[in-house]
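Each protein sequence line maps, in turn, to chains A and B.
So in this note's numbering, the last spot in the first sequence is 266, and the numbers never skip.
So in this note's numbering, the last spot in the second sequence is 377, and the numbers never skip.
Treat each hint with caution, since some may be false.
Label-pair distances were calculated between CB atoms; the ranges are [stated by the list, open to error]: (1) B:L327 x A:R264: 43 to 53 Å; (2) B:T280 x A:M1: 23 to 33 Å; (3) B:D282 x A:G208: 23 to 33 Å; (4) A:T97 x B:E325: 51 to 61 Å; (5) B:T278 x A:P191: 22 to 32 Å; (6) B:A297 x A:L52: 22 to 32 Å; (7) A:E251 x B:R279: 24 to 34 Å; (8) B:R279 x A:E242: 15 to 25 Å; (9) A:G221 x B:D329: 28 to 38 Å; (10) A:Y38 x B:G330: 28 to 38 Å; (11) A:G41 x B:D333: 38 to 48 Å.
With a straight-line Cα cutoff of 25 Å, these simulated DMTMM-like cross-link-like pairs (lysine to aspartate or glutamate) come out [unchecked claim]: (12) A:K230 x A:E205; (13) B:K291 x A:E205; (14) A:K2 x A:E205; (15) B:K336 x A:E192.
To be clear about the criterion: a stretch of chain B counts as covered by chain A if any three or more of its residues have a C-beta under 8 Å from a C-beta of chain A, and this derived list gives those stretches [as the list claims (entries may be wrong)]: (16) 270-283; (17) 348-362.
The hints are simulated quantities; they were obtained by calculation from the structure and are not laboratory data.
Given the structure is predicted, the values throughout are model-derived calculations rather than measurements.
Quick reminder that beta carbons are idealized off the backbone N, C-alpha and C, glycines included.
Below are the chains, spelled out letter by letter.
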Amino acid sequence: MKYVDPHAHMVSRTTDDYERMALAGCVALTEPAFWAGYDRGSAEGFRDYFRLLTHTEPRRAAQYGIRHHTWLCINAKESEDVALARSVLAIIPEFLTAPGVLGIGEIGLNKNSKNELLIFDEHLELARRFGTLVLVHTPHLEDKLKGTRLIMDAIRNQGIDPGRVLIDHVEEHTVQQVLDRGFWAGMTLYPETKCTAQRACDIIECYGRERIWMNSACDWGVSDPLAVPKAAMEMRRRGHGEDLVRRITFENPCTFLSQSPNFRAE
Amino acid sequence: MAPAGTCPLAHTRTIDRYFLEHRAKVIDIAAFLDRIDRSQPPDNGREDFRLVAFRRTLEILTDGRGDRAKRVLEMLSDHSVEPIERAPMQGAFGAVPPPSHTGAAGKGGGR
Ligand SMILES: [Zn+2]
Chain A
1 MKYVDPHAHM VSRTTDDYER MALAGCVALT EPAFWAGYDR GSAEGFRDYF RLLTHTEPRR
61 AAQYGIRHHT WLCINAKESE DVALARSVLA IIPEFLTAPG VLGIGEIGLN KNSKNELLIF
121 DEHLELARRF GTLVLVHTPH LEDKLKGTRL IMDAIRNQGI DPGRVLIDHV EEHTVQQVLD
181 RGFWAGMTLY PETKCTAQRA CDIIECYGRE RIWMNSACDW GVSDPLAVPK AAMEMRRRGH
241 GEDLVRRITF ENPCTFLSQS PNFRAE
Chain B
267 MAPAGTCPLA HTRTIDRYFL EHRAKVIDIA AFLDRIDRSQ PPDNGREDFR LVAFRRTLEI
327 LTDGRGDRAK RVLEMLSDHS VEPIERAPMQ GAFGAVPPPS HTGAAGKGGG R
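So here's chain B without its partners, still in its complex pose:
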């Protein structure tokens, strides 16, 4: 992790500047998880792979270690090394689908 002091803002100024924006984002995440709980249950009874990955990234936020953004991105990344045989779709999911996943409706990162 980059050493302390690389951001020129003072500690309290940093919080003054960004706290309310990120307070709102935490509440959004909480409401998102509540909304999922209130949604109609999945047909197969299993939790969506994206949500499984999402919950694991939340643990990174509270483990007290640095490089959080990098580690969240790594957790949401495909770590295989060989090119795949054929592109099954043009979009992406935001988390790595399990090998059994057949859905082609990737959303996000369109271009």
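If we strip away everything but chain A, and leave its shape as in the complex, we get:
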């Protein structure tokens, strides 16, 4: 099978993972900027990170025939520090024209605070100004439902077309409202939090195949770079046809991401 993993933090993974993903059929992936597991001390730390995302990772991926794309931002966890966040926002435009950059992401909320919302909004303004796609991280656990609603309202208030925004980490209590409001929905396949392969299949069965994808969001935490092909196997074991598997794991990501001229699946 040929698939796209639309959310993978490859800076945290080994080259062996690229090889295993390629062997499993991964032809393209997208890597959002995220929290490194610690708070960076300055905007210069982010400049180095953006260089890693736009130059180093595409070369590493290409060795295995995987097309690498990226999204830039300062994540919500580090956005509580507004001064730092604004100095990072100021350097993002330098990188937006690099090949493989799809837009702004993964922006969003973490604890649903006023500062997080302020910086989220400033990212949206940047995306609107440069006409880029947006990839949104929704908060964890008890904060997700509230955060998802705040996020969707902020995007509407900015007048951004929801068809150009992917709202990630949806679960059973958020997926319907995300789709109803015209956004794309991402399901993240994690063993302990977010969504398992079985629940992702349940969600597809209950909420349909339109504007939805699955990703591994593999990073430095408990996660699996092969989560997408494993979820595809779960779909097949349940009796779903190859057309649905291909739709969710390849065609849907390509449809959304191809709205950016910088995306190429093959």
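Once you have looked at the hints, place chain B with the ligand on chain A.
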């Protein structure tokens, strides 16, 4: 709730496929509750807010109505609508802490 028939597996095949895995999870939950009973009593004598929420979610599993996963997630969610003044920590608890809660050691959902 999505109508019957949206999962292509036959009824018995569905049970064949998933029963043992979920049987083990029920036993894990039972053992978890036993373990809490056997642990050292809390300093303030009150049950932890996470456990209170957990026990309430178990009622959803046996009420005979559908959309169980969605309703469990909703029960474990913050239903307030206004952004908070300042993020008190970076993690999350998995259940909504009471307003009096001061602990900042949220675990889980790290990134
Ligand atoms: Zn991520």
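Outcome of the hint check:
1. B:L327 x A:R264: 43 to 53 Å: Between L327 of chain B and R264 of chain A, where Cβ atoms are some 46 Å apart, the hint holds.
2. B:T280 x A:M1: 23 to 33 Å: Given a distance of about 24 Å, which is inside 23 to 33 Å, the answer is holds.
3. B:D282 x A:G208: 23 to 33 Å: For G208 of chain A against D282 of chain B, whose Cβ atoms are near 27 Å apart, the range 23 to 33 Å holds.
4. A:T97 x B:E325: 51 to 61 Å: With a Cβ separation near 55 Å, T97 of chain A and E325 of chain B satisfy 51 to 61 Å, so the hint holds.
5. B:T278 x A:P191: 22 to 32 Å: Holds: the Cβ-Cβ distance is about 28 Å, inside 22 to 32 Å.
6. B:A297 x A:L52: 22 to 32 Å: With Cβ atoms ~44 Å apart, the hint is violated.
7. A:E251 x B:R279: 24 to 34 Å: Since E251 of chain A and R279 of chain B have Cβ atoms about 28 Å apart, the given range 24 to 34 Å holds.
8. B:R279 x A:E242: 15 to 25 Å: Between R279 of chain B and E242 of chain A, where Cβ atoms are some 20 Å apart, the hint holds.
9. A:G221 x B:D329: 28 to 38 Å: With Cβ atoms ~34 Å apart, the hint holds.
10. A:Y38 x B:G330: 28 to 38 Å: Violated: the Cβ-Cβ distance is about 47 Å, outside 28 to 38 Å.
11. A:G41 x B:D333: 38 to 48 Å: 46 Å, holds
12. A:K230 x A:E205: Roughly 17 Å separates the two Cα atoms, so the pair holds.
13. B:K291 x A:E205: 23 Å, holds
14. A:K2 x A:E205: The given pair, whose Cα atoms are some 22 Å apart, holds under the 25 Å limit.
15. B:K336 x A:E192: OK: K336 of chain B and E192 of chain A at ~17 Å, within 25 Å.
16. 270-283: Coverage by chain A holds here, the residue count being 5 at a Cβ distance below 8 Å.
17. 348-362: holds (count 14)
The structure is inconsistent with the numbered hints 6 and 10, although it conforms to all the rest.
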